Amino acid sequence: MNLSKIINKDKKAQIFSIDATIGAFLVAIIILAFFINISKKSESESLQLSKVGYDMLAILDYGGLLANPDETAILTKINETLPNQYEMRIRLEGDYELEAGSPVLQRFVASGKRVFVNASENDYGIATFWIWLK
Amino acid sequence: MNKKSQSTIMDLLTAVFVFFAVFILIIVLFSTYSARLEKDILREELKDKAFMLSDILLSNGIPADWNSENVQLIGLAIYDKHITESRFDELNEIPYENTRELLGLSGFDFYIRLIETNGNLIREYGDEVTAKEVVALRRIIFYENSPAQLEVRVWRKE
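Chains P and U are the protein sequences, given in the same order.
Numbering of the first sequence is given in this note's numbering, commencing with residue 1 and proceeding in unit increments.
Numbering of the second sequence is given in this note's numbering, commencing with residue 135 and proceeding in unit increments.
To be clear, the hints were calculated from the coordinates, so they are not data collected in a lab.
Since the model is a prediction, treat every value here as computed from it, not as a measurement.
Heads up, a few of these hints could be off.
[Stated by the list, open to error] Derived list of chain P stretches under chain U, where covered just means 3 residues or more per stretch with a C-beta under 8 angstroms from a C-beta of chain U: (1) 90–104; (2) 108–116; (3) 120–132.
[What the hints assert, rightly or not] Taking CB as the label site, the calculated pair distances span: (4) P/A73 with U/D199: 32 to 38 angstroms; (5) U/E219 with P/L32: 54 to 60 angstroms; (6) P/L32 with U/M144: 28 to 34 angstroms; (7) P/N68 with U/E219: 26 to 32 angstroms; (8) U/E172 with P/L32: 31 to 37 angstroms; (9) U/E172 with P/E45: 37 to 43 angstroms; (10) U/N254 with P/V115: 31 to 37 angstroms; (11) U/N194 with P/L47: 49 to 55 angstroms; (12) U/D261 with P/A28: 47 to 53 angstroms; (13) P/V27 with U/N252: 51 to 57 angstroms; (14) P/E71 with U/R170: 44 to 50 angstroms; (15) P/V27 with U/Q206: 45 to 51 angstroms.
Built from N, CA and C at the ideal position, the CB exists for glycine as well.
Sequences are here, hints too, so could you generate the full structure?
Now the structure itself:
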């Protein structure tokens, strides 16, 4: 008789524990979902960065700075043209390789590529950019 | 017997308290989230419109040699990102309401300006900003063959 009472009591305790665990689990999921959603970064931020990056490569390309690379001239043009809130690094690959710009230190970076023509060499190259907010 | 019923009532009271606490928490989180979501949706919509506007303005337009009389789509670039003074002059000839319709911005207001890389204003077009929620974005372009910036601002019409 005593033993069965003890067993019943144990079962009741187990049910309360499972109940409490399930309840806590559900509340934790709801709270987690809420915070994940509100802290989500907008995709349009990266789109804005990419567009500015592509624009900047176009400016360098039309200025002839991708086909005839000169690190100082590229950096000067980037500093003159790129809005203050951005930082950028570019890499040119073709007959030569060149990297210019600030080292990538940020976590949130947008990147893209542009193929450019080097008419004098009858060749083409690829420019890659990385851009981020300061 | 008495002790058992007391513990059951305590149990019930605790359960009711926890239930209401969680219920109120969920309601508060939900209403906060709903308000934030609504704001985010508006902001995303404005960003979409701003991106669309900047892309349209950086196109050739339709017809490619459009003027204020025959324009179907307003594009300020004569070719890739190259905006000219004459294109902006033509834009200034078109009334704001017509421009808004041509740019597919019914229900929204907009403001466009061209600025030099040092921030000096070159040209502008459009309405004064009247809303609190405004999205602005900048593109790097050529204006008369010199690097410049095109800034567009979009907000919901009040």
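Here is how each hint holds up against the structure:
1. 90–104: Since 0 is below three, the answer is violated.
2. 108–116: Violated - the stretch 108–116 of chain P has 0 residues with a Cβ nearer than 8 angstroms to chain U, which falls short of three.
3. 120–132: Per the Cβ count (0), the hint is violated.
4. P/A73 with U/D199: 32 to 38 angstroms: holds (35 angstroms)
5. U/E219 with P/L32: 54 to 60 angstroms: holds (55 angstroms)
6. P/L32 with U/M144: 28 to 34 angstroms: holds (31 angstroms)
7. P/N68 with U/E219: 26 to 32 angstroms: holds (29 angstroms)
8. U/E172 with P/L32: 31 to 37 angstroms: violated (22 angstroms)
9. U/E172 with P/E45: 37 to 43 angstroms: For P/E45 against U/E172, whose Cβ atoms are near 19 angstroms apart, the range 37 to 43 angstroms is violated.
10. U/N254 with P/V115: 31 to 37 angstroms: With a Cβ separation near 34 angstroms, U/N254 and P/V115 satisfy 31 to 37 angstroms, so the hint holds.
11. U/N194 with P/L47: 49 to 55 angstroms: This hint is violated: roughly 22 angstroms between Cβ atoms.
12. U/D261 with P/A28: 47 to 53 angstroms: holds (48 angstroms)
13. P/V27 with U/N252: 51 to 57 angstroms: holds (55 angstroms)
14. P/E71 with U/R170: 44 to 50 angstroms: holds (45 angstroms)
15. P/V27 with U/Q206: 45 to 51 angstroms: Once the Cβ atoms are compared, 57 angstroms apart, the range 45 to 51 angstroms for U/Q206 and P/V27 is violated.
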